[in-house]
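Enquirer: Full structure from sequences and hints, please.
These protein sequence lines are chains A and B, in that order. The numbers in this note's numbering rise by one with no breaks, and the one at position 338 of the first sequence is 338. The numbers in this note's numbering rise by one with no breaks, and the one at position 19 of the second sequence is 19.
For the record, the hints were derived by calculation from the structure and aren't laboratory data. Model, not experiment: these values are computed from the prediction. Treat the hints with care, since some could be wrong.
Said to hold, decoys possible - If you want a taste of the chain B side facing chain A, the calculated C-beta under 7 Å gives, among others:
1) G93
2) T100
3) I101
Claimed, not checked - Across the chosen pairs, the derived CB separations fall in these ranges:
4) B/G28 <-> A/I318: 35 to 43 Å
5) B/T57 <-> A/L18: 51 to 59 Å
6) A/T211 <-> B/Q71: 24 to 32 Å
7) A/T211 <-> B/M78: 23 to 31 Å
8) A/M483 <-> B/F89: 42 to 50 Å
9) B/L41 <-> A/A320: 48 to 56 Å
Said to hold, decoys possible - Computed far set for chain B versus chain A, every beta-carbon distance over 10 Å:
10) V9
11) Y17
12) R20
13) Y73
Note that CB positions come from ideal geometry on N, CA and C, so glycine has one too.
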Amino acid sequence: MSSIAQKKGFGAAMWDYLTTVDHKKIAHLYLASGGIFFLIGGIEAMLIRIQLMKAGNDFLSAGTYNEVLTMHGTTMIFLAAMPILLAFMNAIMPLQIGARDVAFPFLNSLGFWLFFFGGVFLNLSWFLGGAPDAGWTNYASLAIASEGHGIDFYALGLTISGFGTLISGINFLVTIINMRAPGMTYMRMPLFTWTTFVASALILLAFPPLTVGVFFMVFDRMFGANFFDVTMGGNTIIWEHLFWIFGHPEVYILILPAFGIFSEIFAIFSRKRLFGYTALVFATILIGFYGFMVWAHHMFTVGLGPTANAVFALATMIIAVPTGVKIFNWLLTIWGGSISFTTPMMYAIGFIPSFVAGGVTGVMQAIAPLDYQLHDSYFIVAHFHYVIVGGVVLAILAATHLYWPKMFGTMLSEKLGKWTFWLFFIGFHLTFFIQHFLGLMGMPRRVYTFGADQGWDLFNAISSVGAVFMAAGVIILLVNVVMTSIKNERVGNDPWGDGRTLEWAIASPPPFYNFAQTPLVRGLDTFWIEKMEGNKEGMVYAEPLEEIHMPNGSFVPVVMSFGLFVASFGALYNMDGDKGWTIPVIIIGLAITFGSMLFRSLKDDLGFHISKEELMRDVKGGKSDGLK
Amino acid sequence: MAHETHTHVRSQTEYEYIRRQRSKEMRGQLTSFAIMIFLTLIAFTAVAADFSPYLITPIILLLAAVQVVLQLYGFMHMSNKGHGMVAFFMFSGMFVAFITILALVTIVWW
Ligand code: HEM
Ligand SMILES: [Cu+2]
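Expert: Next up, the structure:
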């Protein structure tokens with residue numbers, strides 16, 4: 001492992017990524033695969049909007065429409081939004097707390113590969129007899145009746161990728177608790193780190209119910225277990241509970257990191273300390289807690305009874321309070337700041353009204369009697385797209401521009417960035433604002449077509465036009481990425497000029513060991529403090545320059561995840577009952593997984609050391625990119 | 001971060017301090033062990049005495065909760081320093097699990 005920068009061939013670069021345990025490269029992997037899934041989900045969205053463009057359209061058949069709709073939701077939530085957020089968490093959080101890597105680099109890689117193979121497995125359903133078609137919520141009565149293997153792809157794919165997410169969540173928790181640099185107390189952590197922390201805690205507590213639910217589903221389908229089969233004494237509502245006990249925290253797993261990203265952006269580009277840092281932190285924790293007490297607001301119309309509905313309605317409304325606190329803190333951060341309207345800042349400013357609109361419709365739906373009207377109509381579709389696209393996706397796009405230089409060492413074009421923003425932002429409101437009214441006019445969600453006499457034609461056509469704008473915005477972003485990579489103009493440590501936190505104090509991208517010397521943190525907005533005091537180096541150090549111990553890369557995570565991937569095919573086709581080859585495939589798959597676990601446990605891998613001389617050379621040479 | 005290992009030689013006072021600390025901990029563990037046995041006895045007696053199940057069930061559940069706390073603090077070192085975060089996450093987890101079970105029991109099966 002020499003630190004001399006060298007051009008690598010494609011094969012070598014590929015092998016490097018397959019075996020990497022470096023959080024920055026794993027971030028690249030998450031961003032690339034999450035990005036590809038985002039494009040796939042986007043294409044599915046376009047298909048939906050083409051189908052609904054006019055009354056009585058027959059572009060997609062009813063069955064295909066159900067598959068496209070289900071895969072759109074599932075892909076966007078599990079395979080696009082969450083992984084892309086995990087990409088930014090991986091890339092930035094360890095830098096923000098002054099760590100050399102996450103606590104368990106090997107597990108970090110394993111988490112990624114499990115997610116990746118789970119996602120690939122789920123999407124292979126398109127080519128192997130049909131995708132899942134019971135909605136992303138996969139309600140049991142519908143799912144159990146579904147023919148073919150779609151639902152099995154859903155259940156097994158989400159089991160594998162869910163393990164990956166759970167592993168990443170635990171890894172981030174341990175990292176933030178144990179690996180903070182000296183002086184980085186909890187109340188000095190940047191907000192993106194805080195929201196990563198709380199979102200990881202939510203992952204830890206919310207994924208087990210989903211796993212249980214999905215396991216029940218697999219057992220029902222594989223072994224006829226009848227957990228959800230009412231005719232056999234099961235209870236189909238239990239799936240809904242398990243799904244939403246996971247599902248509502250899940251939406252907060254998505255939105256909290258988005259809040260973190262916007263908090264960073266508001267402070268950076270208002271050139272001000274965050275207003276009400278402490279309130280923002282406690283609001284985050286509070287939202288995390290409340291998130292577990294509101295799930296039944298998705299089930300008001302199930303017939304839980306007035307008492308349960310009232311309790312969950314009230315609990316849901318309470319969540320709006322800490323959320324409101326956050327909105328005001330952001331507004332007061334901008335207030336009186338010296339604002340620069342960069343692309344990330346435009347997203348952040350666009351986010352506030354969009355998300356508030358989504359929050360208001362949320363509180364409307366929380367009024368249980370009103371929800372009897374709104375439930376399962378396009379109003380709900382409008383609500384969750386306002387919070388998810390207006391919140392999470394805007395944050396993802398903002399963070400792509402904000403952190404691109406830190407992750408890749410080049411700056412995305414601001415001009416194209418603003419084009420993306422305006423096209424996407426206008427398209428988003430055009431598509432979804434009008435869906436509120438479609439809902440109020442009675443259009444149910446999840447229908448594959450509608451009649452010309454229902455009066456929904458115009459609004460649906462407008463909605464479809466909006467989708468074209470959003471697609472154009474995303475295409476421009478892709479062009480931007482390609483052009484920026486070809487130009488390859490390297491940037492310095494703090495390309496925005498106003499960075500406040502530790503990640504901006506080191507090279508873009510950082511060397512693979514991040515910090516040659518662990519920094520000493522003297523307050524909130526560490527880098528800003530040093531800059532203001534005229535410290536040219538941007539940090540003070542907590543230790544002398546010494547040898548650094550680093551972990552070796554490993555191919556084992558890929559093999560481990562691949563084993564589960566293979567075994568899942570066996571399990572899936574085993575349900576047919578007439579295929580003798582399935583049992584051996586399950587056994588081979590599990591043997592690969594457990595064999596590689598055994599290999600990992602028995603083989604000592606003590607990592608390697610970077611010598612002091614090498615570090616000195618790097619520091620002196622002003623080496624500014626992360627190549628090994 | 002360096003990989004050379006330091007060997008630390010304990011001074012006499014340090015040694016005695018640790019000894020005292022350990023015997024204190026030992027006494028604590030023995031006490032909680034005795035209490036746990038005693039609580040178990042109560043549980044068994046309640047059953048043997050043929051009280052109404054409506055009395056026995058809550059008593060046993062309550063005693064079980066006390067036992068868990070004793071176990072955590074008496075034996076699993078939760079009272080020691082540096083366990084704040086562990087405690088926080090454990091109790092959050094228990095809280096979430098409790099809410100879930102309570103809700104399912106009351107609104108699905110009742
Ligand atoms: C002010 C905060 C919020 C409130 C009060 C709220 C309330 C609600 C309610 C009551 C429903 C159920 C409506 C129905 O199906 O009849 C709902 C659905 C939904 N919400 Fe929210 N919500 C809030 C924030 C969010 C956020 C931040 C997200 C995601 C980032 C989100 C995502 C969703 C999704 C995905 C659904 C629909 C799920 C489905 O049926 O497929 N919500 N919301
Ligand atoms: Cu919810």
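Enquirer: Each hint: holds or not?
Expert: Now for the hints, and whether the structure bears them out:
A cut of 7 Å between beta carbons decides the hint on B/G93: the least distance to chain A is about 6 Å, and the hint holds. A cut of 7 Å between beta carbons decides the hint on B/T100: the least distance to chain A is about 6 Å, and the hint holds. Below 7 Å, beta-carbon pairs count as interface contacts, and B/I101 has none with chain A, the closest being about 11 Å; its hint is therefore violated. In this structure the hint that B/G28 and A/I318 lie 35 to 43 Å apart at CB holds, the actual value being about 41 Å.
Between B/T57 and A/L18 the C-beta distance comes to about 56 Å, which sits within the given range of 51 to 59 Å. The hinted window of 24 to 32 Å between A/T211 and B/Q71 holds, with their beta carbons roughly 26 Å apart. The given range of 23 to 31 Å is respected by A/T211 and B/M78, whose C-beta atoms sit roughly 27 Å from each other. A hinted range of 42 to 50 Å for the beta carbons of A/M483 and B/F89 is consistent with their spacing of about 46 Å.
Taking the beta carbon of each, B/L41 and A/A320 are about 51 Å apart, inside 48 to 56 Å as hinted. No beta-carbon of chain A is positioned within 10 Å of the beta-carbon of B/V9; the least distance is around 24 Å. Distance check for B/Y17 against chain A: the nearest CB is about 27 Å away, which clears 10 Å, and the non-interface claim stands. The Cβ of B/R20 lies farther than 10 Å from every Cβ of chain A, with a closest approach of about 30 Å, so its non-interface assignment holds.
For B/Y73, the condition that its CB be more than 10 Å from all CB atoms of chain A holds, with the nearest at approximately 21 Å.
In summary, the one numbered hint that this structure violates is 3.
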